[in-house]
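**Student:** Work out the full structure, taking the sequences as your base and the hints as a guide.
Protein chains: 2
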Amino acid sequence: MKVYNFNAGPAMLPAAVMERAQKEFCNYADSGCGIMEHSHRHKIFEAVLNRANENIREIMNVPENYDIVYIQGGASMQFAMVPMNLALPGKPMEFADTGTWSSKAIKEAKLFGEVKVIASSKEDKYTYIPDPASMHPSDDASFFHITSNNTIFGTQYQSFPECKCPMVADMSSDIMSRPVDVSKFGLIYAGAQKNLGPAGLAVVIIRKDLAERNPANVPTILRYSTYTQNNSLYNTPPTFGIYMVSLVTDWVKDQGGLTVIEANNSKKAEMLYAAIDASEGFYRNPVKADSRSKMNVIWRLPTEELEAEFVKESVAAGMLGLKGHRSVGGIRASIYNAVTLEGVEKLVDFMEKFRKNH
Amino acid sequence: MKVYNFNAGPAMLPAAVMERAQKEFCNYADSGCGIMEHSHRHKIFEAVLNRANENIREIMNVPENYDIVYIQGGASMQFAMVPMNLALPGKPMEFADTGTWSSKAIKEAKLFGEVKVIASSKEDKYTYIPDPASMHPSDDASFFHITSNNTIFGTQYQSFPECKCPMVADMSSDIMSRPVDVSKFGLIYAGAQKNLGPAGLAVVIIRKDLAERNPANVPTILRYSTYTQNNSLYNTPPTFGIYMVSLVTDWVKDQGGLTVIEANNSKKAEMLYAAIDASEGFYRNPVKADSRSKMNVIWRLPTEELEAEFVKESVAAGMLGLKGHRSVGGIRASIYNAVTLEGVEKLVDFMEKFRKNH
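The listed protein sequences correspond, in order, to chains A and B. Per numbering that gives the first Met the number 0, residue 0 is the first one in the first sequence, and the count goes up by one each step. Per numbering that gives the first Met the number 0, residue 0 is the first one in the second sequence, and the count goes up by one each step.
Please note that the accuracy of each hint is not assured.
Any copy, or any two copies together, can satisfy a pair, since identical chains are not distinguished.
What the hints assert, rightly or not - Here are the simulated DSS-like cross-link-like pairs (lysine-lysine), alpha carbons at most 30 Å apart as the crow flies: (1) Lys103 <-> Lys42; (2) Lys207 <-> Lys163; (3) Lys106 <-> Lys207; (4) Lys355 <-> Lys287; (5) Lys109 <-> Lys121; (6) Lys109 <-> Lys90; (7) Lys106 <-> Lys121; (8) Lys121 <-> Lys183; (9) Lys22 <-> Lys345; (10) Lys106 <-> Lys124; (11) Lys311 <-> Lys22; (12) Lys103 <-> Lys183; (13) Lys207 <-> Lys109; (14) Lys22 <-> Lys1.
FYI, nobody ran anything at the bench for these hints, they're computed from the structure. These numbers come from a predicted model, not from an experiment.
**Tutor:** Below, the structure is given as structure tokens:
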């Protein structure tokens with residue numbers, strides 16, 4: 000049975016990417032061994048790394064005054080590295096709190112200085128993104144941190160705040176899902192395991208001046224400058240993960256880049272929200288209309304028993320990963336770049352049948 | 000042409016492991032997708048993680064009062080995490096300095112408290128391991144840190160010091176190459192990319208009481224307790240890397256465990272050292288006889304020009320990775336567990352022919 004994968008992350012990767020990686024797994028570029036068996040200092044891997052860099056720079060139109068680096072530890076490591084590297088003495092770190100991942104980033108920053116939460120939807124159970132135009136980070140803040148898409152609560156920024164201090168964005172769950180003006184940000188980070196590749200690394204896009212803030216007491220491996228000054232090769236990088244990022248970004252380019260990707264993502268999300276909205280209240284999406292995520296669509300059913308039954312029957316029908324996050328329950332379909340329109344059609348069909356049967 | 004891989008890390012993996020991973024790359028356990036596309040919280044991945052844990056515990060005979068965890072960032076991250084987590088106020092951190100990696104660990108520890116180097120072979124260009132019986136770490140030190148094998152200088156501990164404070168060992172380059180009494184150590188860490196799997200994670204074996212030292216100011220992701228309390232699942236772990244560790248450790252068990260592995264490694268190393276020693280000074284290994292590594296065999300040729308020629312001709316003959324570390328030059332053959340006797344025979348043949356021709 001063909002399986003449709005709606006995992007929230009680690010998530011489905013494009014079928015063409017998986018097939019190519021499988022094909023050359025034991026013999027990369029006719030070198031006689033797999034890319035994961037090559038030295039990170041060999042020209043064969045260097046070409047892979049440079050390809051990933053060039054692809055990301057081209058696809059996201061990353062300006063020349065930004066570096067692109069790969070850091071192990073995913074977004075959770077960035078929750079620590081951002082304040083360790085960017086906190087300036089006497090200048091607050093400011094945050095918008097739009098869910099679990101924002102809250103975790105806030106918690107870690109408190110170890111390194113004063114934190115101000117200047118916008119939050121916590122009191123409304125994170126059911127929306129506060130109006131970005133109403134967010135006013137201080138001009139002299141160390142930085143202002145947002146979470147561009149919230150996997151657990153199914154919300155996503157549709158526009159970004161104006162910000163004179165460096166704006167830092169956790170884009171783990173929607174990077175490369177739509178065009179973004181990188182020059183508005185000081186630092187963008189994203190755990191790879193949704194839209195970029197396998198778990199085990201974060202892609203970090205950092206304005207060069209910010210990489211130089213390094214307080215003296217930060218260990219070498221936790222300094223951004225260690226990565227920017229060594230093209231991510233100070234220590235052994237996660238070579239296979241970077242290779243997969245190079246393949247996924249090749250695929251994004253093959254698709255036609257972010258304008259095409261965004262159009263596909265919009266189409267998938269619209270189909271799914273339309274199915275929810277047309278269900279006469281059987282399926283309920285709790286998110287404010289202007290904050291709905293195109294990456295993670297969440298919904299509730301009339302009872303938790305029906306939700307459990309929905310998950311059970313969906314698995315039997317060949318659909319993976321539809322159970323909502325364990326902290327909130329309900330149903331969640333993660334429809335990242337690699338999820339096909341066919342997969343969403345299959346899900347919508349299943350939803351309609353399930354509703355008629357229950 | 001068949002290629003023989005002597006890379007220092009990332010290194011060759013067992014052929015059987017690579018073939019199995021390739022076969023099930025896109026469809027793991029008939030689940031319809033690859034293991035890297037599965038959620039880290041799904042029972043399919045949980046079984047992989049538990050399998051890796053159980054294999055390591057069995058192979059290394061890890062006592063019950065130790066936890067086994069997987070942490071991103073390789074050994075370089077451990078250089079920071081060890082002192083961040085284990086430094087006790089007023090108690091020095093003690094080190095034996097046996098090479099580049101020891102020195103890097105020492106440098107990072109200095110950020111977190113008083114460091115004492117109680118044994119060193121630095122003045123003799125790291126050509127030997129100081130007699131472990133002569134190392135006397137303080138009973139009340141925060142910890143005593145050694146590097147069990149030194150990839151760059153080709154040295155390896157043949158026995159371990161007695162130590163009443165927790166002994167911490169960087170075993171990145173010789174873990175699972177021979178039986179070791181884990182109970183003599185407080186913490187063992189190893190970047191995976193030599194004997195355990197691909198780059199992108201370290202395996203950490205930690206005595207339970209040490210995981211609880213956590214100073215209050217250490218970020219969540221950098222605390223050992225975060226990993227031990229959550230079976231390495233606090234955040235998304237490097238799932239594919241852990242899967243590869245599970246396959247490699249399956250393979251170690253299939254070989255007959257560490258006694259057999261050690262015998263094979265000894266045989267390979269003896270062949271190579273014998274070829275060097277029988278070369279009438281053409282090949283010179285600078286390491287003191289009692290400190291020679293069975294994992295990384297280094298040697299010099301009469302001139303740097305001949306060394307360059309040796310590397311060039313070896314590549315043409317299908318042998319990868321024989322160039323010495325860029326910091327020291329010369330030749331290095333890394334003969335980790337996965338390197339076959341056939342590969343070493345091929346190399347020894349090549350060395351003899353090269354000597355006759357030059």
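**Student:** Each of the hints needs a verdict: does it hold here or not?
**Tutor:** Going through the hints against the structure:
no.: 1; hint: Lys103 <-> Lys42; in the structure: between (39 Å within a copy, 25 Å between copies)
no.: 2; hint: Lys207 <-> Lys163; in the structure: within (16 Å within a copy, 47 Å between copies)
no.: 3; hint: Lys106 <-> Lys207; in the structure: both (26 Å within a copy, 26 Å between copies)
no.: 4; hint: Lys355 <-> Lys287; in the structure: within (26 Å within a copy, 79 Å between copies)
no.: 5; hint: Lys109 <-> Lys121; in the structure: within (18 Å within a copy, 41 Å between copies)
no.: 6; hint: Lys109 <-> Lys90; in the structure: both (13 Å within a copy, 27 Å between copies)
no.: 7; hint: Lys106 <-> Lys121; in the structure: within (14 Å within a copy, 43 Å between copies)
no.: 8; hint: Lys121 <-> Lys183; in the structure: within (26 Å within a copy, 49 Å between copies)
no.: 9; hint: Lys22 <-> Lys345; in the structure: both (28 Å within a copy, 28 Å between copies)
no.: 10; hint: Lys106 <-> Lys124; in the structure: within (18 Å within a copy, 46 Å between copies)
no.: 11; hint: Lys311 <-> Lys22; in the structure: between (34 Å within a copy, 29 Å between copies)
no.: 12; hint: Lys103 <-> Lys183; in the structure: within (23 Å within a copy, 37 Å between copies)
no.: 13; hint: Lys207 <-> Lys109; in the structure: both (25 Å within a copy, 28 Å between copies)
no.: 14; hint: Lys22 <-> Lys1; in the structure: both (20 Å within a copy, 18 Å between copies)
Checked against the numbered hints above, the structure breaks none of them.
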